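Protein chains: 2
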Amino acid sequence: MKLIFATTNEDKIKEARYALGIEIEGTPLEIEEIQSLDPEKVALQKALDYYNQLQKPLFVEDVALTFHALGKLPGTYISDFVKNLQPEGLCELLRDKKDRSATALTTLVYMDSNGEPHIFTGEVKGYISTEPRGNNGFAFDFIFIPEDETRTFGEMTLEEKNKYSMRTRALKNMKAWLDTQE
Amino acid sequence: MKLIFATTNEDKIKEARYALGIEIEGTPLEIEEIQSLDPEKVALQKALDYYNQLQKPLFVEDVALTFHALGKLPGTYISDFVKNLQPEGLCELLRDKKDRSATALTTLVYMDSNGEPHIFTGEVKGYISTEPRGNNGFAFDFIFIPEDETRTFGEMTLEEKNKYSMRTRALKNMKAWLDTQE
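In order, the protein sequences belong to chains Z and S.
Counting in the numbering used here, the first sequence tops out at residue 218, every number present.
Counting in the numbering used here, the second sequence tops out at residue 218, every number present.
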């Protein structure tokens with residue numbers, strides 16, 4: 037089995053290969069995401085747009101990190117938050133807040149050969165560290181501590197992170213479904 | 037002269053009528069904006085998408101409010117920030133920050149009868165109040181104080197606000213150009 041993961045993010049592709057143990061191919065094509073804090077809406081539109089261009093089965097991912105003290109933010113805008121505030125600035129958004137809890141949600145949309153979308157999600161609850169920690173990973177890995185852990189994703193090996201990762205959970209949900217389709 | 041302002045926001049339409057003193061018509065059509073902190077990119081794509089649907093001259097607006105202490109944020113995502121944090125929460129984002137300065141930028145794109153886009157901007161520099169004040173206006177009016185003022189937009193009459201408003205400046209730039217085209 038070989039899947040097309042419609043992303044240019046090599047870190048995400050690496051994690052998907054590791055989680056599923058199958059061949060995963062990226063794509064150089066970049067498309068614009070829509071502006072919305074609804075992860076399913078963003079992921080579905082992205083999947084449809086990629087499928088319309090590539091015209092073959094593929095899947096897309098959208099990740100949303102919600103700080104419960106900030107409504108639905110940063111949510112689907114997490115990558116722009118990381119770029120503009122850096123991990124330090126993200127930790128500081130919650131300074132003086134009692135509630136540092138957060139939910140990381142991965143939404144995957146698999147487009148089948150008929151252009152029908154299938155949605156899979158993976159979620160992990162946790163909290164935001166008071167300062168960035170660790171050297172492994174990318175994006176918000178350095179500030180997110182999963183429930184029942186004391187370390188951030190950035191302080192874990194890829195193997196350890198995969199036990200908790202919302203991305204791994206969503207990928208495994210998708211793979212289990214794909215296996216029933218063969 | 038009568039213009040189509042491709043928005044469902046009655047407050048924005050009201051301000052445009054007031055600023056230009058001409059007939060302005062909204063549209064019930066809603067389209068998805070793209071996810072980007074580049075105001076010109078967001079506004080241009082919105083203008084093209086509306087034009088492709090309506091096939092007649094129109095203009096769109098995008099407003100970005102940048103807190104200088106937060107990179108380009110909230111920027112083009114300001115309406116989602118207001119919805120999720122309320123004006124109080126926006127003021128609190130800058131708690132403990134020395135720099136409460138902000139820039140409000142309106143980007144207008146006018147699509148002519150050939151489907152060519154023309155860009156106009158209006159900007160006002162100012163700062164974010166420590167708490168929301170005033171009862172007039174909408175969106176971030178209650179927390180934005182223009183330079184050389186002590187009152188928020190929310191504490192001003194529409195007439196007073198229009199002296200400073202980034203939207204009014206952009207609208208007047210567009211109108212001046214339209215007048216040369218007749």
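If you are wondering where the hints come from, they were derived from the structure by calculation, not from laboratory data.
The model shown is predicted, which means the values in this text are computed figures rather than measured ones.
C-beta: ideal position from N, C-alpha, C; glycine also.
Just so you know, not all the hints are guaranteed correct.
Derived DSSO-like pairs: lysine-lysine, alpha-carbon spacing no greater than 30 Å straight-line [said to hold, decoys possible]:
1. K77(S) - K108(Z)
2. K92(S) - K133(S)
3. K161(Z) - K108(S)
4. K77(S) - K92(Z)
5. K50(S) - K92(S)
6. K108(S) - K108(Z)
7. K77(Z) - K133(S)
8. K134(Z) - K38(S)
9. K108(Z) - K119(S)
10. K50(Z) - K211(S)
11. K119(Z) - K50(S)
12. K77(S) - K133(Z)
13. K133(Z) - K92(Z)
14. K77(Z) - K38(S)
Selected chain S positions facing chain Z (in silico; Cβ < 7 Å) [said to hold, decoys possible]:
15. N45
16. D47
17. K50
18. Y54
19. L65
20. I67
21. E68
22. I70
23. Q71
24. G107
25. E124
Verification of the supplied hints:
no., hint, in the structure
1, K77(S) - K108(Z), "24 Å, holds"
2, K92(S) - K133(S), "46 Å, violated"
3, K161(Z) - K108(S), "28 Å, holds"
4, K77(S) - K92(Z), "29 Å, holds"
5, K50(S) - K92(S), "21 Å, holds"
6, K108(S) - K108(Z), "19 Å, holds"
7, K77(Z) - K133(S), "34 Å, violated"
8, K134(Z) - K38(S), "53 Å, violated"
9, K108(Z) - K119(S), "9 Å, holds"
10, K50(Z) - K211(S), "52 Å, violated"
11, K119(Z) - K50(S), "36 Å, violated"
12, K77(S) - K133(Z), "34 Å, violated"
13, K133(Z) - K92(Z), "46 Å, violated"
14, K77(Z) - K38(S), "35 Å, violated"
15, N45, "15 Å, violated"
16, D47, "19 Å, violated"
17, K50, "24 Å, violated"
18, Y54, "27 Å, violated"
19, L65, "16 Å, violated"
20, I67, "9 Å, violated"
21, E68, "4 Å, holds"
22, I70, "4 Å, holds"
23, Q71, "4 Å, holds"
24, G107, "3 Å, holds"
25, E124, "12 Å, violated"
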